[in-house]
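Following my numbering, the numbering of the sequence shown begins with 1 at its first residue and continues without gaps.
These aren't lab readings, by the way, just hints derived from the structure by calculation. Be aware that a few hints might be false.
Claimed, not checked - No more than 27 Å apart at the CA atoms, straight line, and that leaves these computed lysine-lysine pairs for DSS-like:
| id | residue 1 | residue 2 |
| --- | --- | --- |
| 1 | Lys343 | Lys353 |
| 2 | Lys290 | Lys314 |
| 3 | Lys141 | Lys290 |
These numbers were taken from a predicted model, which means no experiment stands behind them.
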Amino acid sequence: MASQLTDRQARLIISIAGEPGDERVGQAVAEFGAAAALERWQSGYGADAMCKAIDRVLNSSLIEQAVKSMNSVRGRFITPADAEWPESLSDLDTAGPVGLWCTGEGSLAEITQRSLAVVGARSATTYGQRIAHEIGVLAAKENLGVISGAAYGIDAAAHRGALAGLGKTVAILACGVDVAYPISHRGLLSNITDSGVVVSEAPPGSKPHKHRFLIRNRLIAALSQSTVVVEAALRSGSLSTSNWAHVLNRQIWGIPGPITSATSAGVHAAIRDNMMKIATSTEEVFQDFKSPAAPMQLGLLDGAIVGLLASGPKSTHDFAMHFGPDIDFPDLQATLSLLEVRKVITLSNQGWKLV
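Construct the complete structure from the given sequences, taking the supplied hints into account.
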């Protein structure tokens, strides 16, 4: 059967049978291709657990159930062959996902092309939630996607901030995209899908498991160009996201809190150990996304003035004598004033000179 399957069909089956983040599965798919790897497991080659899982899936209604559940939430299963697949996931190599289950009106590739991960404590303080919300709003203004995990506390505040700023946000779940977890975030997840994407490696109907929360953090780190940690205790799961971001050579920012706050102790320790860059303001975390200033366009007279000043300071009289009757004196004065306003030149005791 496996040899007759397309790559997409094989990946869908593997995604249902396998556990997210299993590098042995990723290695097999990378080495043989999804369809051939599936056929090997079906024939009994490879890890015994995966062979049994593939057999169980192929001889049950699990595939039909998964597809039906996805259709019910107007979802889709995407693979590396799709335009919506983010190229940044290739940084995970064999630890990358075989496929992703998605729902929402946004394009995962487009939103994550310029995006910021915002993660932190579930039991966040009012201060932490306010900062995360503000970062989400500012990210929207900067036209950046916000990536987080839809958990209580910092995650939810960041998502809500992005939505409040009319931006787009992506929620990476540790359960099926058709499962609202936590249940009280059903409305939040629905709002995210209006313009963003809800994503999971786990097939529809999957319940959240503790290890899946940690393993999904690598996707949050990989999908974003920069990660901000807002409040994390010394043993916080959010630190695993920053650890993955470090491995993937992403920028990592830490939001400092009171030195007496246990909720910020993990962030403070990471800043101390140079694992995070301290953010002294919410605006500072966006500096990596600022485009370099466009080269200043100079007109003919502007360029001539700048060229003459390259050899040293000149007075207004010097310019008037150089240009003669070709340039009206009022035009010359206006151009010098405009160049001064644009901070190209400045007037000193020696005359006009380049800044």
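Tell me the numbers of any earlier hints that the structure contravenes, in ascending order.
2
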